[in-house]
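Peer 1: Listed in order, the protein sequences are those of chains A and B. Quick note: the first sequence uses this note's numbering, first residue 1, plus one each step. Quick note: the second sequence uses this note's numbering, first residue 1001, plus one each step.
Simulated from the structure, these hints should not be mistaken for laboratory data. Even for Gly, the Cβ is constructed at its ideal location relative to N, Cα and C. It is possible that part of the hints are untrue.
[Stated by the list, open to error] Across the chosen pairs, the derived CB separations fall in these ranges: (1) Ala107/A with Thr1098/B: 39 to 47 angstroms; (2) Gly1090/B with Thr57/A: 43 to 51 angstroms; (3) Trp145/A with Ala1099/B: 38 to 46 angstroms; (4) Tyr81/A with Ala1094/B: 18 to 26 angstroms; (5) Gly52/A with Leu1084/B: 52 to 60 angstroms; (6) Val33/A with Gly1090/B: 34 to 42 angstroms; (7) Leu1084/B with Ala152/A: 48 to 56 angstroms; (8) Ala37/A with Leu1084/B: 39 to 47 angstroms; (9) Gln129/A with Thr1057/B: 23 to 31 angstroms.
[Stated by the list, open to error] Just so you have them, the derived chain B footprint on chain A, three or more residues with Cβ under 8 angstroms: (10) 29–41; (11) 112–125; (12) 148–162.
[To be verified] Among chain B residues calculated to face chain A with C-beta under 7 angstroms, some are: (13) Leu1067; (14) Ala1072; (15) Val1083; (16) Leu1085; (17) Trp1097.
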Amino acid sequence: MPSALILLLVLGAVGLVLAMPGGRTDRGRLGLVALAAAGGVLVFTAVNLAAGERGLTLFIVCALVALFAAVRVITHRKPVYSALYFVLLVAAVAGLLIGMQAEFLAAALVIVYAGAILVTYVFVIMLAQQARPTLCDLKAREPFWGCLSGFALLTVLAGQFFLGTAAPLPAASPAEAAGTVEAVGTPLLTQYVVGLQLAGLLLLAAMVGAIAIARRRVTVEEELELEGEA
Amino acid sequence: MLVPYLLLGAALFSLGLIGFVTRRNLIIIFLCTEMMFQGIIVNLVALGRYPLDGRPTFDGQVFALFLIGVAAAEAAVALALVVLLYRHRGTLDANAWTALKDE
Chain A
1 MPSALILLLV
11 LGAVGLVLAM
21 PGGRTDRGRL
31 GLVALAAAGG
41 VLVFTAVNLA
51 AGERGLTLFI
61 VCALVALFAA
71 VRVITHRKPV
81 YSALYFVLLV
91 AAVAGLLIGM
101 QAEFLAAALV
111 IVYAGAILVT
121 YVFVIMLAQQ
131 ARPTLCDLKA
141 REPFWGCLSG
151 FALLTVLAGQ
161 FFLGTAAPLP
171 AASPAEAAGT
181 VEAVGTPLLT
191 QYVVGLQLAG
201 LLLLAAMVGA
211 IAIARRRVTV
221 EEELELEGEA
Chain B
1001 MLVPYLLLGA
1011 ALFSLGLIGF
1021 VTRRNLIIIF
1031 LCTEMMFQGI
1041 IVNLVALGRY
1051 PLDGRPTFDG
1061 QVFALFLIGV
1071 AAAEAAVALA
1081 LVVLLYRHRG
1091 TLDANAWTAL
1101 KDE
C-alpha cells in the first residue's frame, strides 16, 4: 500500500470530520482545505498508478468532481443543496462510465437518477420544507466516530486492492466493443430475461407499496384545522 | 486502470456510509444510500471492463442496470415512508423516531 494512499486517507478523514455540520465555520473551512489537499494527493496517486493509460485525464477530472460532490452531499446544511450536489455526482459518475465505454448505461444513469429519482427527492424536500434550517441539519450525529468507521472500511478495502493483487492486473482488451444498447440489451433479453421480469415485478410492487404507504385520507375538518394553524 | 476505478467506487461507498450514520435528516440518509449505489455501479462496470480473467463481458453493465431499477424501487418506497413519518411528527429528524412507537 503506497504511502501516498495512507496520506490521502488520513487527510480525507481529518478534513471530513472538520467539515461535518455542527462544528465552527472556520473549522469547516479548514476541513475543506484538508479535503482539497487530499484531492491533490489523489491526482498524484492516480497518475503514479496508471501513468500513460488511455482515458486517465477523463478519469481524474470525473473522480475529483465526483468526490467533491459526494463530500458536499454529506456536509451541506441545506437538504436542497445536498440533492443538487447529488445531481452533480451522478453527472460525474456518468462521465466515468463513458470513460469505461458504457455509453448506454451512462445515459440511463442520467435519465433515471438525475431525471427521475432526484426529482422525486427534491419534490419531497419541498413538501417537507421548514422555514429555517432545523437542528437535525445543523448538527451531525457523532461525526468523529462515523468518519472513523467509514475511513476504517475504506482503508481495509484499499489495502486489499494492493495486497491481494500479486498477479499482474489485466489491461483492457482492445477488441472490446462499446456498451451500446444492442450490446447490453442482448444479454439482458436472453441470458437474464428472468431477472428482467423480476425487476419489473419489483418495480410494480414498489409502486403499489408507495401508494399504499403514502395514501392517507384527510377530512375536510382536518384540512380546515391545518389552514387555521397556518 | 482497474485499481483507480475500484478505489473511487470504494471511496464513494465509504462516503455514503459516513453520511448514512452521521446525518440526521431522513431525506439525506436515503440520499446517502443512493450514493453507495453510485459507488457500486462504478465497481461493477469497472470489473466488467477490466475482468480478472481477461475476457471483457457486458454482465457488469447488465447488473448495473438491475441496480438502477432496484434503486428506483427503493427511492419510491423510502420517500413514501418519509412523507408518512413527516405527517406524523412534523419533522425530518431521525432522532424523533428513536422510540419506534407512536405516542
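Peer 1: Which of the numbered hints are not met once you compare them with the structure shown?
Peer 2: Per hint list: 3, 7, 9, 10, 13, 16, 17 violated.
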